[in-house]
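There are 2 protein chains.
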Amino acid sequence: MSQSVDRALTLVELLAEGPRTLDQLAEAVDVHKSTVLRLLRTLEAHRFVQREGTRQYRLGTALFDLAHRSLEDRDVRRAVEPALRELNEETGHTVHLASYEDGEVVYIDKFDSKHQVRMYSRIGKRAPLHCTAVAKVLVAALSPAERDGLVAHMEFPALTANTITSPEAYRAELAAVAERGWALDDREHEDFIHCVAAPIRDARGDVVAAVSVSVPVVLTGKDGLLALVPRLRATAALASAACGWIERKK
Amino acid sequence: MSQSVDRALTLVELLAEGPRTLDQLAEAVDVHKSTVLRLLRTLEAHRFVQREGTRQYRLGTALFDLAHRSLEDRDVRRAVEPALRELNEETGHTVHLASYEDGEVVYIDKFDSKHQVRMYSRIGKRAPLHCTAVAKVLVAALSPAERDGLVAHMEFPALTANTITSPEAYRAELAAVAERGWALDDREHEDFIHCVAAPIRDARGDVVAAVSVSVPVVLTGKDGLLALVPRLRATAALASAACGWIERKK
DNA sequence: ATGTTCGTTGCACCATACGCAACGAGGTGA
DNA sequence: TCACCTCGTTGCGTATGGTGCAACGAACAT
Chain A
1 MSQSVDRALT LVELLAEGPR TLDQLAEAVD VHKSTVLRLL RTLEAHRFVQ REGTRQYRLG
61 TALFDLAHRS LEDRDVRRAV EPALRELNEE TGHTVHLASY EDGEVVYIDK FDSKHQVRMY
121 SRIGKRAPLH CTAVAKVLVA ALSPAERDGL VAHMEFPALT ANTITSPEAY RAELAAVAER
181 GWALDDREHE DFIHCVAAPI RDARGDVVAA VSVSVPVVLT GKDGLLALVP RLRATAALAS
241 AACGWIERKK
Chain B
1 MSQSVDRALT LVELLAEGPR TLDQLAEAVD VHKSTVLRLL RTLEAHRFVQ REGTRQYRLG
61 TALFDLAHRS LEDRDVRRAV EPALRELNEE TGHTVHLASY EDGEVVYIDK FDSKHQVRMY
121 SRIGKRAPLH CTAVAKVLVA ALSPAERDGL VAHMEFPALT ANTITSPEAY RAELAAVAER
181 GWALDDREHE DFIHCVAAPI RDARGDVVAA VSVSVPVVLT GKDGLLALVP RLRATAALAS
241 AACGWIERKK
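If you read the protein sequences in the order shown, they are chains A and B. First residue of the first sequence? That's 1 in the UniProt record's numbering, and the numbers climb one at a time after it. First residue of the second sequence? That's 1 in the UniProt record's numbering, and the numbers climb one at a time after it.
Heads up, some of the hints might be wrong.
Claimed, not checked - Computed footprint of chain B on chain A; a stretch qualifies when at least three of its residues, placed anywhere within it, have a C-beta under 8 Å from a C-beta of chain B:
| hint | segment |
| --- | --- |
| 1 | 30-43 |
| 2 | 136-142 |
Stated by the list, open to error - Negatives, chain B to chain A, calculated, CB over 10 Å:
| hint | residue |
| --- | --- |
| 3 | 6 |
| 4 | 52 |
| 5 | 91 |
| 6 | 160 |
| 7 | 167 |
| 8 | 184 |
| 9 | 204 |
| 10 | 216 |
These are calculated hints, taken from the structure and not from any lab test. Just so you know, even glycine gets a beta-carbon here, dropped at the ideal spot from N, CA and C.
Sequences are here, hints too, so could you generate the full structure?
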């Protein structure tokens, strides 16, 4: 561990709480102010901090650059893996991670159920848009224009008795999903399985993926499934945090 | 300048371009890999970088925290001042910065016209919602619910012959503003002045303020005013960048 | 004017960050 | 299976670079 780097980073963290003067910083990290000054100068040269007026330091603009640039090549799958694994281990049910790309919803990660009864799915598989919870979440998050274009060209084959089979009903469902922040697949895809899904957001608030829990009906009735929603949303929140999302108060 | 801090920050900047291995980093900054390892460990302890698998380093999540936290207490006015000042000096016209809070639009900064003909306004003054360009921009950016609530309780006194005097016309105007990304006040507030305004966004893309240019009609006709729009939008983009906004490609 | 509170500079010392070289783990090819 | 190669990791001795000190200077207040 490098002492000076450690101190410099501590300074940055302190400044995250608001602007500080040199003396305040020196006292907070318990280092001589001349030392703090040198560290700040180095940080300033890299635009990690900037001076405000003559006696105030604050965080610099490099942090925005860095945060955003790292987001771009950040692999969502890897970032959210721990959160999803935990959900899978805690509930024992199948957990899916899906993302939307070019008019399709694709499963990009999967954690198998620990129960005997499993469902078939695999990474890379395309999810039907009209009867899966993840697709509902992802489509509901699209821009109105893109969403309308997509829905206009969709087909609605009835896979079970509960499948949504009309664009109108689907649009209404999407609106409901967007409103409440999670989606339900109530045996709309397969007779013996139902799911709930929630969105994962990045630093900008854009929905970058959806996480779902799939449960065989024989194991858990609808009430039991809905009881999982808070746990699911907690996972989605954790996963979003790993992608840079910070919930904005008020 | 502190050598180790300097090197550590350089490492962070390198990692912003994508994940790297220890050797790559050592070579890039031209220091021994054992040294780089120690720096990375320190950075890792502060969550500035994180390991991906066993032989990949990438930026850590602390950067998101920091970037967002610094945004919150960041003073928009101070951040965008240089951009607005430049617009004012270049065009010579009055430039306003306004923000929305609790149902009101307030001028929070102002750069006076250099021409003889000035307009009256002051920092802290409330802008009429129905007939100013800044208000149109800010109200158009509200959530549908908040916007509807606001418009429902608005009054539409006719201040000039051009003032919008009905909720319906105002709603249509807001939609047009949202669509094209800037707003016009075509002598709707005062007979002898017209304005254009554009939104300023933060890192999350939320509209945090609006910048406007106000021009006396005697100086510049409507064509001349509209010719200022590209310049205005450039300023808004610059100001947004200072608030952390990064335009997303595609 | 006088005092106070900051940021800033030069300097001498020694802690600390450094490079080196050797080790170990994990992967690859024959 | 073994040998080889490529990385990350560790311990160590050294001198470089970071540190605290004390004095200076600027800005502001009394």
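Status of the hints after comparison with the structure:
| no. | hint | verdict |
| --- | --- | --- |
| 1 | 30-43 | holds (count 5) |
| 2 | 136-142 | violated (count 0) |
| 3 | 6 | violated, 5 Å |
| 4 | 52 | violated, 7 Å |
| 5 | 91 | holds, 25 Å |
| 6 | 160 | holds, 34 Å |
| 7 | 167 | holds, 22 Å |
| 8 | 184 | holds, 24 Å |
| 9 | 204 | violated, 5 Å |
| 10 | 216 | holds, 35 Å |
Hint compliance for this structure: hints 2, 3, 4, 9 are broken, all remaining hints hold.
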